[in-house]
Structure formats: C-alpha cells, structure tokens
Amino acid sequence: MNLELKGIIPPMVTPLTENGDLDDKGLRKLVEHLISGGVHGIFLLGTNGESPSLTYELRKELISKACEYIAGRVPVLVGITDTSFQGSLAIAHHSKKAGADAVVIAPPYYFPISQNEMVDYLESLVPKLPLPFMMYNMPSCTKLHLSIETLRRAKELGALGVKDSSGNIDYLYSLIEAFKNSPEFAIIVGTESYLPETIQKGGHGAVAGGANFFPRLFVELYNASVDNNLVKVAELHQKVKGLYNTIYSVGKYESRYTKGTKCALAVMGICEDYMALPLRKFADIEREIIRGYIKDFDKNLHDVTM
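At the far end of the sequence shown sits residue 364, using my numbering, and the numbering has no gaps.
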C-alpha cells in the first residue's frame, strides 16, 4: 500500500458519555469538524485519545465507528501500543477489519526497556501486523526515547515514518537530517508549535492536538509553511503559540493539555468533555475560562485563515 503521511493529522480525542461509553453523536460531529477543517488524516487512540484508559471493547467500537464515519475521506491511523503484545495485535487486526489505513507503534509502557529490547519487540511484532505502521516517540509516557538507530531498524522493517513527541527540537532536527535521503519516511512532529520549523527543515507535518478544535488554523499554517509564505507563517504561528498561554495553561499537571482540548470541544458544542479515569474533566470555573479563550480566538481567527 502506498500511503503518504504528511500535513495535519489530529490525534483525535475519544468522545465519551458521563458513564464512560462512547459518545456516538459527539464522534460523528467531531469527525465532520476535522474533515471540514481540511485535515490530511486522523490518528485514533493516541495520547489525546486516552487509549491506555479505555477497554479493548471501547477501543474497537471507536475504531469501527470512526472508520465508518470517515468513510475513506482521509487516511486513518490507529495507535496499538499496549502493555500486552497480543493486545496490540488484536487492536491491529481489528483496525484492518474496520478499514483503517495504518497502525502506530510506541514502546510498550510500564517496564523500562532498552533500545535493543525495542528492536527485538519490533522484529517480533511487525511480521504479524496486517497493516503498514508508523513509529511514535513519546518518552514522557513510555520511558524510552527512541534512538535514530532503532528508527533506522524500524524503517528497514517497513515503517512509514515517525511521530516525534519528545519536545526536543535538536532531536527532531537530527531525525530530519538522518532520513533526508529517504523522503518516503515521514518525519511528523507531535509538538505542534514546532510545525513551521519542521516543514522548513524538510519534515512532513504534525500530529497536532490543537487541530481537534481549530483544524483550519493548523492546516493553513502547514500550507503557509510549505509555500514558504513567511509573513503568513509568522501570523499563524503566533496564534498557535497563543494556545499554550491560554487553553493549554488552564488547570494543573500535564493532563491539562488533553483536558483543555476536550473542554474546548465541549464549549464549541462538538462533543462532551467527559474523561476516562484516572482523569476528570474540568470543573465549571475552568470551563468558563476556556469558553472565554475560545470566544477570543473566534474573533480573530477568521481573517487569518481565509
């Protein structure tokens, strides 16, 4: 399969009801919101999707329904990372059956593992996968920062590219440099504020959490970066960086990014902001703060994304 990974691929949140079931109505609205915003793909069951906190049954339901609603309009990537090897394979095979286009692999979490053990893991897992795969570097959640040597081996095994969410821009640049002669191996940044630098250095796009609620902003920033429209890049980049001082700054702890993203979607009327335990949605006071931020952004986003 010739799957080109590029552009803006939101790590879609998983809409939930108050009792923890899948919010089907919210899922439909969210899918349409993303696609109408011009995104180039959708990534299910990533960090923003709360994957480790969801049952296998709910993950499978999300994959099936999301693929049905997306209906082939953009590529669908599914995170299969799990503490269980067989659990990862089960989600991968369900993804294939549901119509997804690729799976995404990060190091299994909980046990700290070495680079050699990660390579052994890939050499065992990849031959059993029913779909193409992409790597995911998320050391803050997995305890392993994927080395370039490990990623070279992943590429030899067929990896389509890597999403880097390390937050280390020097490492990101080293990835782009290491694979500059392999343009088919996509370098996708997970730190959304690094999008312009990623494209300017030769990378391919972003898995941007903020594209859940403002997809058009990120798509336009990507397009401006590709076109080397430096004036528009500067203007749009300021809007993206503004998210860190507003929506992403509400609340405590690192969970504020996912909670803020879901809360933004809720105040926009797209889906509810219920979270899977151990996370909890924001209280009313935080919700009203985010509502104010969304209103402020809405006032000035229209002109810069036209």
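Heads up, some of the hints might be wrong.
Here are the simulated DSSO-like cross-link-like pairs (lysine-lysine), alpha carbons at most 30 angstroms apart as the crow flies [said to hold, decoys possible]:
no., residue 1, residue 2
1, 64, 299
2, 83, 123
3, 339, 357
4, 357, 83
5, 201, 213
6, 259, 87
7, 213, 64
8, 154, 186
9, 118, 201
10, 123, 155
11, 83, 353
12, 155, 238
13, 87, 64
14, 238, 64
15, 290, 353
16, 87, 357
17, 353, 299
18, 186, 259
19, 238, 87
20, 83, 186
21, 154, 123
22, 259, 64
Hints listed in this document are in silico derivations from the structure and should not be mistaken for laboratory results.
Hint check:
For a cut-off of 30 angstroms, the pair hint linking residue 64 to residue 299 stands: about 21 angstroms separates their Cα positions. At most 30 angstroms may separate the alpha-carbon atoms for a hinted pair to count; residue 83 and residue 123 meet this at roughly 11 angstroms. This hinted pair checks out: residue 339 and residue 357 have alpha carbons roughly 26 angstroms apart, not beyond 30 angstroms. Between residue 357 and residue 83, the direct Cα distance comes to roughly 27 angstroms. Compliance with the 30 angstroms bound is thereby established for this hinted pair.
Among the hinted pairs, residue 201 with residue 213 is consistent with the structure: their alpha-carbon atoms are about 21 angstroms apart, no more than 30 angstroms. Taken as a hint, the residue 259 and residue 87 pair is broken in the structure, with Cα atoms around 35 angstroms apart against an allowance of 30 angstroms. Distance check on the hinted pair: residue 213 and residue 64 sit about 17 angstroms apart at the alpha-carbon level, within 30 angstroms; holds. Between residue 154 and residue 186, the direct Cα distance comes to roughly 12 angstroms. Compliance with the 30 angstroms bound is thereby established for this hinted pair.
Only pairs whose Cα atoms come within 30 angstroms are accepted, and residue 118 paired with residue 201 is accepted, the gap being roughly 26 angstroms. At most 30 angstroms may separate the alpha-carbon atoms for a hinted pair to count; residue 123 and residue 155 meet this at roughly 12 angstroms. For the hint linking residue 83 to residue 353, the alpha-carbon distance of about 24 angstroms falls within 30 angstroms, and the restraint holds. Distance check on the hinted pair: residue 155 and residue 238 sit about 34 angstroms apart at the alpha-carbon level, beyond 30 angstroms; violated.
At roughly 24 angstroms between alpha-carbon atoms, residue 87 and residue 64 fall within 30 angstroms of each other, so this suggested pair holds. Our distance criterion of 30 angstroms between C-alpha atoms is met by residue 238 and residue 64, whose separation comes to about 15 angstroms. Our distance criterion of 30 angstroms between C-alpha atoms is met by residue 290 and residue 353, whose separation comes to about 22 angstroms. Restraint check for residue 87 and residue 357: the C-alpha separation of about 22 angstroms stays at or below 30 angstroms, so the hint holds.
Distance check on the hinted pair: residue 353 and residue 299 sit about 17 angstroms apart at the alpha-carbon level, within 30 angstroms; holds. A distance of roughly 34 angstroms separates the Cα atoms of residue 186 and residue 259; the hinted pair therefore is violated under the 30 angstroms criterion. Our distance criterion of 30 angstroms between C-alpha atoms is broken by residue 238 and residue 87, whose separation comes to about 38 angstroms. For the suggested pair residue 83 and residue 186, the alpha carbons sit about 34 angstroms apart, so the restraint of at most 30 angstroms is broken.
The suggested pairing of residue 154 with residue 123 holds, with an alpha-carbon distance near 13 angstroms, which does not exceed 30 angstroms. Between residue 259 and residue 64 the CA atoms are separated by roughly 14 angstroms; this keeps the pair inside 30 angstroms, and the hint holds.
Violated hints, listed in ascending order, are 6, 12, 18, 19, 20; each of the other numbered hints is respected by the structure.
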